[in-house]
Each structure stands twice: as structure tokens, then as C-alpha cells.
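There are 2 protein chains.
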Amino acid sequence: MASVELIAVGTELLLGQLLDTNTAFVARELAEIGIDVRGTHAVGDNRERIAETILGVLERRDGAIMTGGLGPTVDDVTKEAVCDALDLGVELYEPALLQMQRFFARLGREMRPNNRKQAELPAGSLPLDNPNGTAPGFVAFGRTGKFVACMPGVPREMKPMLAEKLVPFLIERFAPRDAIYTRVIHTIGLGESEIDHRIDDLFRSSENPKIAVLAHDARADVKIMAKSESTAHAEAAIAPLQREIEQRLAGFVYGIDGATPEGAVHALLRARGWTVATAESCTGGRIAAALTSEPGSSATFAGGVVAYDNDVKTRALGVDIALIEHEGAVSEAVALAMARGARERLRTSLAISTTGVAGPSGGTPEKPVGLVWFAIDAADGRSCAAHVHFRGDRAAVQARATTYALGMLWRHLSRDSLSS
Amino acid sequence: MASVELIAVGTELLLGQLLDTNTAFVARELAEIGIDVRGTHAVGDNRERIAETILGVLERRDGAIMTGGLGPTVDDVTKEAVCDALDLGVELYEPALLQMQRFFARLGREMRPNNRKQAELPAGSLPLDNPNGTAPGFVAFGRTGKFVACMPGVPREMKPMLAEKLVPFLIERFAPRDAIYTRVIHTIGLGESEIDHRIDDLFRSSENPKIAVLAHDARADVKIMAKSESTAHAEAAIAPLQREIEQRLAGFVYGIDGATPEGAVHALLRARGWTVATAESCTGGRIAAALTSEPGSSATFAGGVVAYDNDVKTRALGVDIALIEHEGAVSEAVALAMARGARERLRTSLAISTTGVAGPSGGTPEKPVGLVWFAIDAADGRSCAAHVHFRGDRAAVQARATTYALGMLWRHLSRDSLSS
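Line by line, the protein sequences are chains G and B.
Here our numbering is used: the first sequence runs in plain steps of one and ends on residue 421.
Here our numbering is used: the second sequence runs in plain steps of one and ends on residue 421.
Some clues are possibly wrong.
It does not matter which identical chain is used: a pair holds within one copy or between any two.
25 Å max Cα-Cα, derived SDA-like pairs, lysine to any residue [to be verified]:
1. Lys160 - Trp275
2. Lys211 - Asn115
3. Lys228 - Lys368
4. Lys224 - Glu81
5. Lys368 - Thr135
6. Lys224 - Gly134
7. Lys211 - Leu16
8. Lys228 - Gly393
9. Lys147 - Ile34
No lab work stands behind these hints, which were simulated from the structure alone.
Only a predicted model underlies this, so the values are computations on that prediction, with no experimental measurement involved.
Kindly generate the complete structure, drawing on both the sequences and the hints.
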């Protein structure tokens, strides 16, 4: 399998003024054709440093794939650096010059000498035509047979060049057969270390397919990656591992391959013909926002109340003011009353509520910042409540409480499906 | 001036499955304090390759700054690689262990041996506490006096650690003098090209300070950057340019240096002792979520209704069902009725409403996907409505409509302040 490293060129990348999305895009495309990306780099518009980086990569890998620094300005020195690194001169690539002349004629603008420079390529290189801009890309070759491929940094020019020119070259040169296939198992409600504990042995024993755990707040993904020559082979390698992992994490797996907690909730609601409403205090509309991010959510999500003020809890949800005064707004009783109020007033099958202390102020020793009560009220009487003490700042508490609420809703609905 | 390179760790970065936003963020923060980032790298979860990359960086620079690979799983090997590269053992960092024990106790979960591993740091290193997660960061030192700083890869944990722990360390160690100072002027309601047109001449004539325009949907930031040896010098260079730009963009500037539209809205509400409510259809709770992201927002934001279903518009907001049938849910009349219903029922000074077609389905020739009606109902009678046809997919329409609503609310409140 061919191995490469990627080099993105541009001082703005080192200043953080431009987010480099090219590298992830190129990496993804290369993975699909079985080219192994072993490292990525960003360097400034510095000829010497670029050449140094190229030489470092070629020492370790079969080739380097670069983006950026092919423009007409004095800042653009990628081509010069490639020539330095591979000890090559330049030669004029006529088709690029002609294309550029036509381009400037059409615009009625005069061509500058620095534009002509763009039509020069390292001697002996394979040109990569650029129908979407003036700078052609190229693949230059060193005396050791290793290659340096260069593409423009503008994504609109780079992406078609990669797909239509560079990928075919790489497939022909390396005839890669093994592509990487992935399956992602999405879980909610389990910590990263708990997942690790449950599947640690699979982790250690499996090289191909390989397993990785990625945590996102209250959610975590288990990723299974198989290197294989065909989809069928990959599927056969992944399937038993997937079944085993799903079994060990049973009750916490809400979907695979890009599923979202809100999507899983809607699917279960649709299956039963049920609707849901929200009654949010500390999450301030975030649960409703998540539920409405799904296309077609109006069939299962009726609406909700953001009851930030205690007055609104009473007026819009019918929570007894005496209950709030006696138990406090952040309490099991108020959470349950909020959920019931939302379900009854919006006439849904069930409703979920949140009430908590998002911070930074408002915490007390008994009800510290981060404490959140959740409740579900259901028309079939199976209501429930739970509380969690979340860590982190206001944004973290709000985000984690939202994810927790979606997980609670999903567990409630999936338990229901199991028992019926 | 100190020079460093950044190293992001994670196999998912090399597969292009995760877009690395940490590197650009860290680079930007370092530029602000005058630390020169000379290169960036991403490497997989491979102990040997990480150690190799660290050694390469330390050969060229004063230090390496790393993100990722500090978690509890067997995949997380950044710390081990740092120890390999610098030839260091590990030692237990008691405060991190205690914090972790408290964390697991609170969750009622058992701590695993792999969690304990997270509290071990390379011998002699400076710990960087992590209030937002279990893995502490650290700065390890080589025998040559060069340093390797390691932070978690989760942005929510990394960002505060960088700002509160690592940046102060770097400033003290390198006492950078020529730092980059920035002032950001936040605008809402003007397109990027309109801003460009209004300040084009300033753009061209100014090298230091330098001006840049960054567009974010319906908002745009104008950034003034000055390289200077002191805050006072930078301030003197920036101030006249800032005044000129603010004048040219008058009526659209809602704040500077990290101000948010929701923060600007709350400030104007506070100044008048007013409260606001929301009545959201197509934005599905996103305006409420934005308004509740501000600490202390309960003083000025009472709550809201997410009236997704027409039934809920009637039941929870008192919108006449005949009006919905006659005008359609996406109409000026219904938007106004929703805002009035929210203001009256939640008893606030004013309320803002949205009703539109977020898509992908539900559009008609008269009411296409992306059409959104907005209305403000105010106790003082100055109500208004507007409609916009947003481009983009469902998520884009929802996000842009939310920003537009905040801008409309802000303009309503600031016009009011001017005229009174």
C-alpha cells in the first residue's frame, strides 16, 4: 500500500486566519482509494522550509501531496521549492499558457509576466490541468522515483483536479486495491472509559479491523475500520465485530453510520404514531432546536415551551406556584409538573422537561451549578425523572443537559418498544 | 521571538474523518501573544511516529505544542510518546487524581485503572489543570531546555486550558514584545460586499494596522490588526481607524471584541428594564437558545413558545385558527399574531416571532423553501414585520433566520434608544 504525507502551504494557515479544510478532504479521498496518509503538515510561504518539509516526507514515504502556493504572486513559491527539493529546472507547459491567454483575452485584461510563470512546470513532470483557474497542478518526480503532487489551494480548483486528474494517476501508479471501510456505532449514556472497559479485549486483539472510540460529551462513537479489497470482504470482516460490540453496549446503541440521537427519537416516535413536546428551563430551547433539525420533524414534534422565568412555568405550563416555592424550581416535583403541563397543554403522547442551574451564578450548596433535573411525562402513565450534576461552564452544562435529555427520551422510547 | 510548531494527534485526522479546528485556533491565540508558529503537523495514534515528529520539531524550534491523545484509551499515547522523545519517566499528579475520584464519585461510577493513568504526567513537568475534563494537560521539558506542551483534543477542554494556563506560561517564559493586537468590529445586517464597498479605500491604504472582513451568515466582522510593542502603541494605531469604520457602518455595529448579537440585545433590554419572549416556528427554539446562552439572561428573557404545529400556535399562542387557514401559517398576519400571543401570555415588554419554510420539503411557488416571516410585537405599540428569502439547506435556513431575528430585535431596540 502506498504511503504519503500531505503538505498545505500558506502563511495564513500558521496564523490561524484560514481554516484548512483541504487536508481533511484530500485525506478522505485518498483513504477511499487505499492510499495511506501517514502525516499532514502546514508550512508558511517560505521556499526553504517548504523544500525541507518535502525532503523529510520523501525520506519516509512514497510521495508528498501538496495544496497551495501555486498562484501568481511573489508569495507563491511551492513550485520553486519542489524544484529545489528534487533538484529540477522548469519547462514551459504550452497548453496552460494557451489556456491562460484565452482566459485573459476573454476578460479583456493584459497578461502579466507573473502569470506566464504559472505555465512553467518542474522539468519532466506530469501536468494536472485546471479547468477552474489559471494555475495548472503537476506531479513532479525525484531521481529516487518518489513523487510530489501539487494542487492549487482554492478548494473549487483543487477538488475537481484531485478527482479527475490526481486520483486516476495514483490508482494507475499504485494500483491500490485495499480501501478502508468504516462502520460507526453511536452510543449515548456511557462514558468513554466505561466503553473502553467493556470492549478493551477487542481493542487489543483486533488489528484489522481496527477499533477506535471517539467521545462527544454524553455521546460516544465506536468506530470499526477494515482495510479490504472489496465492500463484501470489508462487510464480512466488520459484521461479527459489530454484533459483538453492539451486544456488549446493548441498551446504549442508538444507531450506526451517522445516526443522530434526535433522528433515533423521531424514528421511534414515528413507529408508534406518537408525538412529543418539550418544557425547557435551563436548556433554553436547545432540545427543541435539536428535534427540529430533522427534516419532517413536524410529524412527531408538536412544539414546546421555554419556561425560563418561574412565572412562565406557572402561566404557560400550569405549574403550581406553591410547588415552586416549596420544592424550588430545580426539583423533581417541578420537573415532573413541567413535563405534565407541556404534554397536557400541547396534547402530545409524551413530553420531556429540564430545570437546572446552568451557572455561572445561581448555585447553592444544595443545588450547585451544573445540577439539572429531567422528567418525562407520558400519556400511558409511565413517567420518570432523573437528575445529573454536569461539570463545565454554562455552555457545557447546557449542551450536556441537552444531549442527556435526548438520550433519556430515546431510552424511554426504546424500552417501551422492547417491552411491548 | 519564540518559535514553535503545532502537532495534532489522532488517526481520524489522517483519514479526514474529523476536521482539525484546534490547530487554527491555537495558531491564532499564539499569534496574538507574539509566538511564531512555523509549521503544523497531524500524526496518527502511533507512539513512535509521534515521538519522531516531536524530535524533528525540537531540532528546529523552541518548543512543540500538541493537542489530542491524552484520553484514557489504549489509543491515547501522546504522553508516552513525549516521555520517549524527552527520555522521561512519569510521576503521579495528585490533584488530578483527586479531581478524577471526585468526578467518578459524583457520577456514582467506578474509576478504572486506565483513568488513573490520566493523572500521571511526565516527570518534572508543569501541570495544566483541566476543569472541564478528566485529563490534565502539561508542559514537559527536555534536557536542552526546550518544551513540549500537551493539551486535550476536545475543543471545550483545550480552549480554556490554552487561555488560562498555557498562554500565561508562554508569556512569562518568552516575554514576547512585538505582539499582534486586534480589535474586532461586529456588524449585523450588512453583506460582505456592501462592507467591502464602504471601506475599500481604508483596506487598500492600511498595511499596519491591517484590515480584514470575515463574514458569518447574516453577520460580518471587521478586524483591525496592529503589530506593536505595547498595548498603548497598538491602541493609538487602531483607535482612529476604528472610529472611521464605525462611522461608515453606523446603524449596523452591535459591538466590539467578542460581543454577540444576543449580548447586545440583553444589554439594551437591561438598560430599559424590559423583557422579551419568543414565539418560534421554523427556528424551532434556536432564538431562545441564543438568548439563554448569556449568563444572567433570566432578568430580561422570560421564556418562549416553540409553536411547530399549527395546533400549538392556536393553543399556546392564541393565534386564530381561521387566520392560519386564510393567510397560511407562513404569513405576515400569523407572524404578528404569534408575537402578540407570546407577549401577552408571557407578559413581557416585547416578543419576536418566526414562521417559515425551513425545507427541504413544504415549499410552494408562492411560499418557497427558505421564506421566513418575522414579527416583533411591542407593548408600546411599535410592532413590525419583515420577510426574507434565505438560501441554503435546512440547517442554513434555520441558522440564518435565527441570526436575522436577533439582528431585527437589536435594531428595534437600538432605534428605540436613539429616538428617545
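Hint check, failures only: The structure conflicts with hints 1, 3 and 8, although it agrees with all the remaining ones.
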